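Position chain V relative to chain Z; hints supplied.
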Amino acid sequence: MTNTYTLSRRAAMGLAAGAMALGLAGPAAAEVDFSGQTIEWIIPFSAGGGSDVWARFNAPLLSRYLPGNPTVIVVNEPGGGSTRGANTFAARAQPDGLMILGTSGSTQFPYLLGDPRVQYEYQDWRIAMASPTGGVVYTTPTLGLTGPQDIAMLRDVELIYASQGATSLDLVPLLGFRLMGFNVQHVFGFRGRGDGRLAFERGEANIDYQTSSAYISSVVPMVEAGQAVPLFSWGVLDAEGNVVRDPTFPDLPSFVEAYETLTGAAPSGPDFDAYMAFFTAGFPAQKMVFLPAGTPDDIVAVYQAAFEAMKADPEYVANATEILGTYEQVTGELAQTLFELGTTIAPELRTQVAGMLAADYGVRLGE
Amino acid sequence: MLDTLMSSLAALLSFQHLFYMLIGVSVGLVIGVIPGLGGIAGLSLLMPFLYGMDEISALAMLIGLVAVIPTSDTFSSVLMGIPGSSASQATVLDGFPLARQGQAARALSAAFISSMFGGVFGAVVLTGFVVVARPLILSFGSAELFMLALFGLSMVAVLAGRSLAKGLAACVIGLLIGSIGGAPATGEFRMIFGFTYLYDGIPLVIIGLGFFAIPEIADLLRKNSAIASGFALGAGWFQGFRDWRANIWLSIRCSGVGCMIGAIPGLGGSVVDWIAYGHAVQTTKKDPNFGKGDIRGVIAPESANNAMQGGALLPTMLFGIPGSGAMAVFLGGMVLLGIEPGPSMVGANLSITYSVIWSLALANVFGAGICLLLALPISKLTQIPFQRLAPFMIVLICFAAFQATRSLADLVALLVLGVLGVAMKRFGWPRPALLIGYVLSMQSETYFYQALQFNGWSFLGRPGVIIIAVMTLASIWLGLRNRVDEYGHLAPRDDNAPDKPSLRAHLPQVVFALLIAGLMVVALTDALRHDFLGQVFPLSVAIIGLGMMAILLPQLVWGKTGHHSHFDAELTGEHVGQAGIGSLWGGLGWIAGLVGLTALIGFYGAVLVFFPLFLLVRARAGLLATVLMTAGAAGFILLLAWSLSLNFPRGMLQEAMRLPWPFR
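Chains Z and V supply the protein sequences, listed in that same order.
Each number in our numbering comes from the position in the first sequence (counting from 1) with 50 added on.
Each number in our numbering comes from the position in the second sequence (counting from 1) with 46 added on.
Here chain Z stands alone, though its shape is the one from the complex:
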């Protein structure tokens, strides 16, 4: 891990430029030509969701910057909590660059947890691009807090969190809150973070998190009106794989800083390792684009080059903040590192998390 992979825009651009200069992407682009062909971008979710919008944002730009300007179509293959689409891709895609897969945390988590529906193997695939995201945890001022510095006041309070399910992306807050020693009652069955935010606004839940763009549009007005108090951002990864402050929210502590404020020490141990595995898969490496097993280097390189080149496109610049938040899509070694961190988990950690979910939340995997 010698390269920096903080997710700031400038560093990412610099690295990408470096990678191109090293010949990773440059010359190969001339040999691959997709003229007149159609590229299917498999999205294992239904139309209209976050991943679908993300792919539809990228698809025309990808078409513009791939050699030969192929048609890029988004093909929705929903089902099985995104495992069906990923299985379909694993079974069908040929190493010719004409079928790519967009995954999300919901595709990574079943894989990490050993869900029996998973018939795909991330380590076979080749990454073209990774698209990170972030989020902010907040609570209600009725608990007496005025800002992130008061987080210790939550320690002896009964907290209620409106969750989408213990094996969904809400596993990250579940593990995080446990690590911090909070007494949180997770009420399951919510259909999205927006649904959970509504429960918070109704006063049914008293702790919540939103991804960055939803936080900015829907929670910041509440903070300004004195109806919500931010606690911390999940943070982003720096060059050494440490969690640091999210550049989108420079005034908010990261999860790790908040933990230190609470306990006086830096987090460590197997519980923290388990948290980090799912955090990485859920935030810094949330959305990724893959080419199937055995795809030749030159095809991977033209994809990476296209994803880099589109960042200068006026349409990308104009709309990126709405779609991606303030995070830059990354390729090359950066993406590779995020990919590896976000799709590997030590077997004993997997067993530990699965055991905890079964014992405390009645979640039985593999049935």
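Some clues are possibly wrong.
Facing chain Z, according to a computed beta carbon distance under 7 Å, are these residues of chain V, among others [as the list claims (entries may be wrong)]:
| hint | residue |
| --- | --- |
| 1 | 95 |
| 2 | 99 |
| 3 | 365 |
| 4 | 367 |
| 5 | 382 |
| 6 | 397 |
| 7 | 451 |
Computed spacing ranges between beta-carbons, pair by pair [claimed, not checked]:
| hint | chain 1 | residue 1 | chain 2 | residue 2 | range |
| --- | --- | --- | --- | --- | --- |
| 8 | Z | 233 | V | 516 | 33 to 43 Å |
| 9 | Z | 410 | V | 575 | 45 to 55 Å |
| 10 | V | 616 | Z | 145 | 52 to 62 Å |
| 11 | Z | 346 | V | 689 | 26 to 36 Å |
| 12 | V | 284 | Z | 277 | 49 to 59 Å |
| 13 | Z | 118 | V | 678 | 29 to 39 Å |
| 14 | Z | 85 | V | 298 | 55 to 65 Å |
Think of the hints as simulated: they come from the structure by calculation, not from any bench.
Since this is a predicted model, take the numbers as computed values, not measurements.
Glycine included, C-beta positions come from ideal geometry on N, C-alpha and C.
Just chain V, lined up with the frame of chain Z:
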């Protein structure tokens, strides 16, 4: 606010914006006409074009599409008895009998006027409420949502049919089907029996098509005649308008109900038409003829389902929480255009909100106008011999069914539920009761669990909960007094039904009831395997269901002749004894053939074989007609699949070799 209102209207009335809205309206009309395809398919169709369009035009186009789907889906509900989308399932109950009596034009024009009125009503309500809606929406917590789900379930009372035990048992089956898949509290997977497909539960579109479309097709096919056989079409146009005028208060009430249910996030729009229909039955005193072709049974749901879209825009724009599948795609479209939903929609972005509302009102007017113009020519379809129409309908329904997860499993599920649906229709089991159970199953369980977690049992004392509870009790009381089924209005305990006095003749319906009881036992045993939170809902529901069966089965076996629990259309239906009636299962056999062929050679190949085969063998069409119709259908399906960029379900052939699209 008034300034913003007028300026957004002015902005919308430019040629460019109206043009894009009309594109949305046209696509919506076409998609709505095709049974099973609704807002989700339509919006996905338009999504790729949003890129780079200006905000107002793009939103006008999307809204134009969403607004008119509940208008044009009425065509197939009324003309074929096949719900055009989940929003107009209740329209079938009275609309289709009207079409069979040759009054299709009257039913359609009443439906379109009601749709237009409901849509405009929704937009007007939205205009007034959008600024103050936030606190109103926030006052509905999990406890109130649970009570609303119960209120929805109370409509079963009206739709339970002749035998209450049968009706409740059907509702239980719906609740159990709805509980297949992940449990909301624990994520445990229930009743999956090792099938990956069942992990997500059975999709609504499959339920709607399986229980309503397939039995209707099977029924029409065996009669070998046109839908409106022996009747002139009649110029019912103005009659329909007068019908609406005479029932304007019903239309207003149902629009209000639709708008409100749409605005409350989390209930889901698919129950709106049933609530409106139930309301119409409950409150009609003068010459009720529901189930046999009462125009009020068309006006009520059609007013409600268009108004619902207006209501559903509120949570979508204010909170970013889509009230329905179509709204989820609309939300995606908004984000793609760079509009983030949230409080700003009634602040800095109020003008966008108003242009959306105005588009909604205009699109409803345009949509209903176009449909009115088309009503007469399209209702001529009911005079075509059905065996010529059938292959189109079968292929379209299968096409719509696999939109759910794009796999062969969708078609198999459709077929299995279709068999169940045909049997339910034959033995007088009320399918609407099943459907209501299904659409409210997940909501009832989830909100009950959440309300208990958030409030404990004290949730029962909340004022909102008490108000809705009183409404629910009133609805049950009214409902039990005015029961209705697809064979007409009936008095409870009506023991003079046509019947045949022998146990042997009753054997088929007894066997079917035993089968239903068996399904409940299967659900019960499966529930026992799960944690308390995962099992409590299916377990209690299955026990109630078995209780109903314990009442019903003895009645079926020992009940006196003409007992209200007895029903078998094969004994007493009006077709019995007529010449030229085919087998009840003939139509299902053809559908099974198409599904089987798909498993072998993939869907598109299967259509190319199925279509000419059906036309030549079953419909006895000439060679030229067969070729032309096959080519037309194949081209249409291809165009649709291409514009939705989807792959057809694959068969064994595709596993063995690589083929080019559309065969792959």
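Hints and how they fare:
Using the Cβ-Cβ criterion of 7 Å, the hint placing residue 95 (chain V) at the interface with chain Z is not satisfied: the shortest such distance is roughly 11 Å. At about 12 Å, the closest approach between the beta carbon of residue 99 (chain V) and any beta carbon in chain Z exceeds 7 Å, and the interface hint on this residue is violated. Interface restraint check for residue 365 (chain V): the shortest CB-CB distance to chain Z comes to about 6 Å, inside 7 Å, so the restraint holds. Residue-level restraint check for residue 367 (chain V) holds (minimum Cβ-Cβ distance to chain Z is 5 Å; threshold 7 Å).
With a cut of 7 Å, the hint placing residue 382 (chain V) at the interface with chain Z holds, because the nearest CB-to-CB distance is about 5 Å. Taking 7 Å as the C-beta contact cut-off toward chain Z, the hint placing residue 397 (chain V) at the interface is violated, the least distance being around 17 Å. Proximity of residue 451 (chain V) to chain Z holds as hinted, the smallest CB-CB distance being about 4 Å (cut-off 7 Å). Between residue 233 (chain Z) and residue 516 (chain V) the beta carbon distance is about 38 Å. The supplied range of 33 to 43 Å therefore holds.
Separated by about 20 Å at the C-beta atoms, residue 410 (chain Z) and residue 575 (chain V) break the suggested range of 45 to 55 Å. For residue 616 (chain V) and residue 145 (chain Z), the Cβ-Cβ distance of about 58 Å falls inside the hinted range of 52 to 62 Å, so the restraint holds. In this structure the supplied range 26 to 36 Å holds for residue 346 (chain Z) paired with residue 689 (chain V), their Cβ-Cβ distance being about 32 Å. One distance hint, 49 to 59 Å for the beta-carbon pair residue 284 (chain V) and residue 277 (chain Z), holds here, with the actual separation near 55 Å.
Our hint of 29 to 39 Å for residue 118 (chain Z) and residue 678 (chain V) holds, since their Cβ atoms are close to 35 Å apart. Look at residue 85 (chain Z) against residue 298 (chain V): about 59 Å separates their beta carbons, and that is inside 55 to 65 Å.
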